[in-house]
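Student: Sequence:
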Amino acid sequence: MEGKHFHNNRTIKMFLLMFLVHRVATLSCPPSDAFLVPHEWYQPGDFIIGGIVTHMGYHFYEIKFDENPARIPYDVPIVITKFHQHILALAFAVKEINEDSQILPNITLGFHIYDSYVQARMTYRMTLDLLFKSQEFVPNYRCERQKNLMAIIGGLDFEISSYIGELIHFFKIPQLTYGSLAQDAFETGKHSSLYFMVPKEDHQYTGIIQLLHHFKWTWIGIFAVDNNNGENFLQRMQPLLSQNGICSSFIQRLSQLVHAEDIPELYQTLSVISINMMNSKANAFLVYGESWAILGLRAYTFMIDPESKETALFRKVWIMTAQIDFILSGFQVSWDLQMFHGAISFSVHSTDVAGFKEFLQTINPLSVSRDGFLQDALNTLRFNRKKAMMGKPMGHLDLQACQASEDETEARAIPVSGGKKPQKKSFQRVRVGALDPSAPKGKELFIDEDVIVWHPAFNQVHPLSRCNDPCFPGSWKKGIEGNQFCCYDCVPCPEGKISNQNDMDDCFECPDDHYPNEEKKGCILKSVVFLTFEESLGIGLASIALCFFFLTSWVLGTFIKHRDTPIVKANNRSLTYILLVSLQLCFLSSLLFLSQPGKITCLLRQSMFGVTFSVAISSVLAKTITVVVAFMATKPGSQMRRWVGKRLAFSSVLFCSLFQVCICILWLSTSPPFPELDMHSELQKMILQCNEGSAFFFYCVLGYMGILAIVSFIVAFLARKLPDSFNEAKFITFSMLAFCSVWISFFPAYLSTKGKAMVAVEVFSILSSSAALLGCIFLPKCYIIVVRPELNHREQLIKRN
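Residue numbers (mature numbering (1 follows the signal peptide of the UniProt record, and there is no 0)): -26 to -1, 1 to 775.
Note that these hints are calculated values from the structure, not bench results.
Treat the hints with care, since some could be wrong.
Unchecked claim - The calculated DSS-like cross-link candidates involving lysine-lysine, where the alpha carbons are at most 27 angstroms apart (straight line), are:
id, residue 1, residue 2
1, K452, K471
2, K495, K659
3, K500, K471
4, K535, K190
5, K659, K535
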């Protein structure tokens, strides 16, 4: 044997480390012929592929030298028969490569496989054996006949991969891990030769969130393996859950293995788990861990009071991450797995490997003497079969081959058959969806819900997992002080608001053209209304307008018929005709307010009303001025005689009216009125009305008419007692007093109303003020003309005055 010399302090330290690890691992092994370590399978070749698998779980007690080692109780080894497929898969792969001359011509591959025993010290020991062992353990020496180790495959979980990497990174031997997904936990510098055969764990976070959203599970329990990997998962997952409206009812740490010495701590943990399960309203449990974590979870739940298992365990949906390779299939013969019926898990995308099933059928347990793992797997299977023969349903060994892929993860449901399969209990995996990280955001997860068979405890109804019942349409979620945001009270929507979906954060208002229905669950389209001739108010106002129009027409006809009588000829007959015609137009202009608002209608109604009223008031003012000028012209030497006549009256009417016309033209040319829908005045209706465009011009028109009325009132009041053959001044005074009273009352009424009521107020003001002019000025004259014609003589009028 040819050896190497130690060259530096680092080599010396490595030698001491390896030697101490080997010695401690050796002292930790139980001195029992029933369990001989190490388990290994060696097949020679030009190049060797090493393997550190997870096949057997065993608790190695430390020897503390305070008692006889022979009296220390030892755990029964736990053999996971399903994990034997990993060993056979490597043997099959090497066989296929060696039989294919195109892959490695003239080169033979071999392999050397050890068990990690899911234990740090033994993993170090097996790794050192894999690196250096020949016929005996001599650290840092290499024999000429020693295997040419090219790479190591392993381990299945995070910690085992780390233990292997801590040793082999010194020797720059590549390590391929096939089960650890927590890639961020590995330091790049420390594990530079580590390669992953599985996709990143981040993809699962997206899948978990979308899975919970798909089923609307917002209140979940979380089980996480009690190690750094589990803590890292919680630190990264909890913010994602909160950001997506999901809360955790509880968080429970799980030990990876359960041993006899852990019984006191186990029962304490069991009580916490039992309380969490029984009291939580969560029906969905998220389980994060590695392959062996599910054993601890099953051990915990198996020891819970059987009377409470039906409610605490069966009515739950278990969501498992891809790290938990379903070793349950190795225990389905001896364990009651009903609690996992309907569970959903993410698993690495895999396809069947061609020829692997045929390879399994060729294996003869009696002839494969080099496989140091097979005998324990067969013993475990025989033990389980024996238990099944004693009254338990029989099971089967399900060996599956997996091929890793980095671009897809599958979601799987795990229904456990029951009811009509009385002689065989199986553990069937059914693909129910897929997670594609390359898909558009929010659509990475596809689920075929019809394929899932929920646990019978749910009565095949979609399970719910919420803190409380949903808030139905018509109400909103109000947070409860001191509780998580997933727990809330349902509060009815306030007046004017609705909610049309479950669990809305707040109610909202309907669009302007809709209003809430009685249940506040939806919106109803508002009907369009406007003041028309068809409704009672419109009919009444239109009837009054037409009656006064015809009355004014009768007065005009009467005055024309008796145009040569003194009472008609007094105070300028032409002004009388102009006033009566303008009053007719005033009454007719009110009808524009009762028709459907349109572009032309809105343009005409205010301007026509303003101009016609201005002409009417200007005529009244001209009549009053005529009385004053006529009286002043009677004085001797008065200069007012030249103003007596029609010229002054017509000039007054024309000037005052043209000024209002100019205001209206400026209004219509700058900011004209237009039709609009008033959606806010009434809750269930939209009012079609005219927007005046410019409030300034609108009030200018009304204000100018008010100025004319006030001037007319003042002049008529001052001239009411002047002697004349028939002085109209006192009648004009009353008419202007009534006119001003109407329009002074109009402003507060107009500003305090909306919609149709506002239009009705303006129409009523037009009709009442026009009627005041007609009644106060012309009814006394009509009385004399029609009823007392004998008084319609100049002598009688002078005598009366």
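Student: Take the hints in turn and mark each one as holding or not.
Tutor: Hints, one by one, checked against the model:
A distance of roughly 15 angstroms separates the Cα atoms of K452 and K471; the hinted pair therefore holds under the 27 angstroms criterion. For the hint pairing K495 with K659, the CA-to-CA distance comes to about 19 angstroms; that is within 27 angstroms, so the pair holds. Distance hint between K500 and K471 is fulfilled; the C-alpha atoms sit about 15 angstroms from each other, no more than 27 angstroms. Of the supplied pair hints, the one linking K535 and K190 is violated, its CA atoms being roughly 89 angstroms apart against a limit of 27 angstroms.
With a CA separation close to 51 angstroms, the supplied pair K659 and K535 exceeds the 27 angstroms bound.
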